[in-house]
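Enquirer: Residue numbers (our numbering), protein chains in the order written: chain C, 1 to 357; chain S, 1 to 286; chain H, 1 to 264.
Everything labelled a hint here was simulated from the structure, so no lab data went into it. Nothing false has been slipped in among the hints.
Below, computed lysine-lysine pairings styled on DSBU-like, alpha-carbon distance capped at 30 Å:
hint, chain 1, residue 1, chain 2, residue 2
1, C, Lys104, C, Lys192
2, S, Lys253, C, Lys164
3, S, Lys87, C, Lys225
4, C, Lys164, S, Lys218
5, C, Lys57, C, Lys192
6, H, Lys177, C, Lys225
7, H, Lys128, C, Lys225
Here are some of the chain S residues that sit facing chain C, going by a computed Cβ distance under 7 Å:
hint, residue
8, Asp91
9, Phe95
10, Ala105
11, Val269
12, Leu272
Note that the structure is a prediction, hence the values are computed from the model and not measured. We put the CB at the ideal spot given by N, CA and C, even for glycine.
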Amino acid sequence: MSAIDAKPPAEAAAPPAASGAPAVSPAARLLAGSRWRWYEFAFWGLALGSYFVFPNKLMLISEILILGLLALSIDLTLGYAGLVTLGQGAFFGVGAYAAGLAAKYGAGAGPWSDPLLGLVIAAGAAGLVGFVTSFLVLRGSDLTRLMVTLGVALIVEEIVTQAKSVTGGSDGLQGVMSSNVLGMWSFDLYGKTAFWYVLIVTFVCFWFCRRLVNSPFGLSLLAIKGNPLRARAIGMPVNARLVAIYTISAAIAGLAGGLLTQTTQFASPDMVAFHRSADSLLILIFGGSGHLYGGLIGAVAFRIMQDFIGNITPQYWLFWVGLVLVLLVLFVRNGIVGLMANGWRRLTQKSHEGKNP
Amino acid sequence: MLTILFDGVAYGMLLFVLAVGLCITLGLMNFINLAHGAFAMAGGYLTVVMMNRMGISFYWCLPAAFIFAAVLGVVLERTLYRRLYDKTHLDQVLFSIGLIFMATAAVDYAMGASQQIVNLPPELNGRVEILGANVGVYRLFVIAICGLLTIALQYVIARTRFGSRLRASVDDGRVARGLGIDVTGIFALTFAVGSGLAGLGGALGASILSMDPSFPLKYMIYFLIVISVGGASTITGPFFASILLGVADVAGKYFIPAVGGFIIYTIMVAVLIFRPQGLFTRSAKR
Amino acid sequence: MSFVQTAAAVETASPVLQTKALCKAFGGITATDNVTFSLPAGARHALIGPNGAGKTTFVNQLSGVLLPTSGTILLNGVDITNWSVRARSRAGIARTFQINQLYADLTPLQSVLIAINERENAASSWFKPVGVRSDLVDEAAALLARLSLSDVIHARVGSLAYGRQRLLEIAIALAAKPQVLLLDEPAAGVPEGERDQILDVVAALPAHVSLILIEHDMDLVFRFAKTLSVLVNGALFVEGTRDEIANDPRVRQVYLGEEVISNV
Numbered sequence: 001m002s003a004i005d006a007k008p009p010a011e012a013a014a015p016p017a018a019s020g021a022p023a024v025s026p027a028a029r030l031l032a033g034s035r036w037r038w039y040e041f042a043f044w045g046l047a048l049g050s051y052f053v054f055p056n057k058l059m060l061i062s063e064i065l066i067l068g069l070l071a072l073s074i075d076l077t078l079g080y081a082g083l084v085t086l087g088q089g090a091f092f093g094v095g096a097y098a099a100g101l102a103a104k105y106g107a108g109a110g111p112w113s114d115p116l117l118g119l120v121i122a123a124g125a126a127g128l129v130g131f132v133t134s135f136l137v138l139r140g141s142d143l144t145r146l147m148v149t150l151g152v153a154l155i156v157e158e159i160v161t162q163a164k165s166v167t168g169g170s171d172g173l174q175g176v177m178s179s180n181v182l183g184m185w186s187f188d189l190y191g192k193t194a195f196w197y198v199l200i201v202t203f204v205c206f207w208f209c210r211r212l213v214n215s216p217f218g219l220s221l222l223a224i225k226g227n228p229l230r231a232r233a234i235g236m237p238v239n240a241r242l243v244a245i246y247t248i249s250a251a252i253a254g255l256a257g258g259l260l261t262q263t264t265q266f267a268s269p270d271m272v273a274f275h276r277s278a279d280s281l282l283i284l285i286f287g288g289s290g291h292l293y294g295g296l297i298g299a300v301a302f303r304i305m306q307d308f309i310g311n312i313t314p315q316y317w318l319f320w321v322g323l324v325l326v327l328l329v330l331f332v333r334n335g336i337v338g339l340m341a342n343g344w345r346r347l348t349q350k351s352h353e354g355k356n357p
Numbered sequence: 001m002l003t004i005l006f007d008g009v010a011y012g013m014l015l016f017v018l019a020v021g022l023c024i025t026l027g028l029m030n031f032i033n034l035a036h037g038a039f040a041m042a043g044g045y046l047t048v049v050m051m052n053r054m055g056i057s058f059y060w061c062l063p064a065a066f067i068f069a070a071v072l073g074v075v076l077e078r079t080l081y082r083r084l085y086d087k088t089h090l091d092q093v094l095f096s097i098g099l100i101f102m103a104t105a106a107v108d109y110a111m112g113a114s115q116q117i118v119n120l121p122p123e124l125n126g127r128v129e130i131l132g133a134n135v136g137v138y139r140l141f142v143i144a145i146c147g148l149l150t151i152a153l154q155y156v157i158a159r160t161r162f163g164s165r166l167r168a169s170v171d172d173g174r175v176a177r178g179l180g181i182d183v184t185g186i187f188a189l190t191f192a193v194g195s196g197l198a199g200l201g202g203a204l205g206a207s208i209l210s211m212d213p214s215f216p217l218k219y220m221i222y223f224l225i226v227i228s229v230g231g232a233s234t235i236t237g238p239f240f241a242s243i244l245l246g247v248a249d250v251a252g253k254y255f256i257p258a259v260g261g262f263i264i265y266t267i268m269v270a271v272l273i274f275r276p277q278g279l280f281t282r283s284a285k286r
Numbered sequence: 001m002s003f004v005q006t007a008a009a010v011e012t013a014s015p016v017l018q019t020k021a022l023c024k025a026f027g028g029i030t031a032t033d034n035v036t037f038s039l040p041a042g043a044r045h046a047l048i049g050p051n052g053a054g055k056t057t058f059v060n061q062l063s064g065v066l067l068p069t070s071g072t073i074l075l076n077g078v079d080i081t082n083w084s085v086r087a088r089s090r091a092g093i094a095r096t097f098q099i100n101q102l103y104a105d106l107t108p109l110q111s112v113l114i115a116i117n118e119r120e121n122a123a124s125s126w127f128k129p130v131g132v133r134s135d136l137v138d139e140a141a142a143l144l145a146r147l148s149l150s151d152v153i154h155a156r157v158g159s160l161a162y163g164r165q166r167l168l169e170i171a172i173a174l175a176a177k178p179q180v181l182l183l184d185e186p187a188a189g190v191p192e193g194e195r196d197q198i199l200d201v202v203a204a205l206p207a208h209v210s211l212i213l214i215e216h217d218m219d220l221v222f223r224f225a226k227t228l229s230v231l232v233n234g235a236l237f238v239e240g241t242r243d244e245i246a247n248d249p250r251v252r253q254v255y256l257g258e259e260v261i262s263n264v
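Isolated chain C, as found in the complex:
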């Protein structure tokens, strides 16, 4: 906040015409902000290429993508709408069990058993839970929101472990059989189908989120995050927008849960456990919130770290997660994406200064 008065207007202005570029209309400049960049192509190219580079790690890569998708769903609420929550694991779990139950009871029964339909069911169930609980996050402070969403997650966890007849309780949901995707591709032992399935679904979700945050709707979310008082004063239906984004976020989290159940053919209370909510939030913060890519990049870093440390001390992995959290809060502001953006800016600024001393 102190920066507001400190900087003289001349420095802040940075008019676009200064660098000698042709004048661009304001609308065109806004549109340019939503255009696909080279590094985005590079990112998805790498994701695609990992199929050929790590053919024996496909299950792991699928899992990373799923984690990333879960973190992306939190980014919508935290990074764009500014809602601080700690219960995304609830929606992930609801989606996981919904997809699991759909697969278990619909297995081999024609079109009803298709995994894509299972995903729709997972997203729908989680979205419904999200919609119903969204009204709880409209009131109160950040702290109240954190506690309420945590409470909701705990309730869901409790239901999952107690409703043994439906969910299998702490033993997990047995007998989940995924049918072939679109009746054509069966899930194989090497995870080839799983990889393509997860990659395509994740990309479609990402593409959807990208459209969403670059739209006027997305801009209005940033307004709510920036200043809810002002957003209300200009006539924005703040609560309706928050309900909408919270529901969408929950649905995507549920979709991620559904993907995990379908590709691992198993659902367990571990998928709704508290550490699921904490981990996914950590992944997003680690990657950097408010950039869409933070969750995905965070998930990659998180799993690499997990593998690396897991090889040394598998049992005490939790310690290092904790340490990373503490260090992140103390020293890193915007996660990996923030660091990369800063580095890139510094790099380009230097070359710029070199040209005009």
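Could you slot chains S and H onto chain C? The hints should help.
Expert: Chains S and H only, in chain C's frame:
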């Protein structure tokens, strides 16, 4: 029936001693230390080590646990926590979850994942008849100690100079600072005493609550319930909230074991929705 | 053509915004005390009074941030007392805040566009990117140009100088094309040199917009306002034209310094 009530009250008073430090620090600095349970765990494990490995009397363990946790609290407050007071609640929550994870793994590493057993002195092990109810001597011991602590705390806060400064700081930190009250110092001291009490609670509860590495996470929920129901501006609110929670939890687990936890979480969410400032706080300040 | 003119004439005759016996109490303190007030269309009205007279509380009730304890508020004769902030905003009441309420991480162009999107019901569109409705973006840019913010439309709001943030505050309120604009100390805290710019902007506001200005700077008040209300202890102390107020001995006693009045 009365036995359950007694057990519940003992459990509730124990919860109060465990959680009261968290409530005051939250009210004082608007800082949420979810890792509060780690201090309780420190006290509990110190008791385990002192009794089982060194053979020191249980009665010595109680003050030792208090001092150990208090010192730990002061050290962490001065080195780490103080950097977080002006950060967002999200940062505070992430940070304290990080500490929980570290504490859990560290204890797991040092002591193993299994639950620790504490053998109480024989004179605390029996049962007595009170008002026709069969009550464990140790439960009475816990009620007595926690009751004394509560009275002492209430006295300090209500009657002493330190207490009045503390109340002023909780009421409005900025004004208190303006009056020349050393809010930072008060906070450090309160944090230490709060942590110490948690450590003492951990020592007292080592034989009742299950003392294993997941302790801070498991009881974090209970602390949050105490705060959300009791509010964070007095100590009477958290006190009644703790008793209520203790009785409800013990009774719930006894009568309807399947849905015990479910009810408690639902109550917490409901309270937070209808009274974001807590059930027992006087009219909500805006 | 003539029909339109008669309609306009009727509107001028009837007040745009009215309050009837408006009261607001906080605990035992009466912040607004039985205020009956009416604002004609196209008004240039100033609300003055000593510190703590309840000016901002009054504006907060008009804009819906606070609900009155009793009394009614009418907009074009319609009872809006219990309407939400959003409903009032859509009905044509806009405001600026005494303390800047801006989106620090967005740009001025985005800030104004957000308000225009809401006005045009374009903000719930979630599929097409923001710049597609170039007509709305151009309108935002034109509005910012009117407030001489053209050079910073793509800068980060948080990095703007304070005076320019005050201007943006007005721009965002104007983006709603309001009928009634409530300006809560637009020049508060603005350095001497930049005050004139804000004054010019306020003076150049469209004539059909009815204005209520809260201000401490008497210079600004007397240059801008045609009519004034003086609030004291939450109650309407006196109302009148600029000259009436300036020459009212009671007002002089309660509020105004002799020096200020001699300037008029």
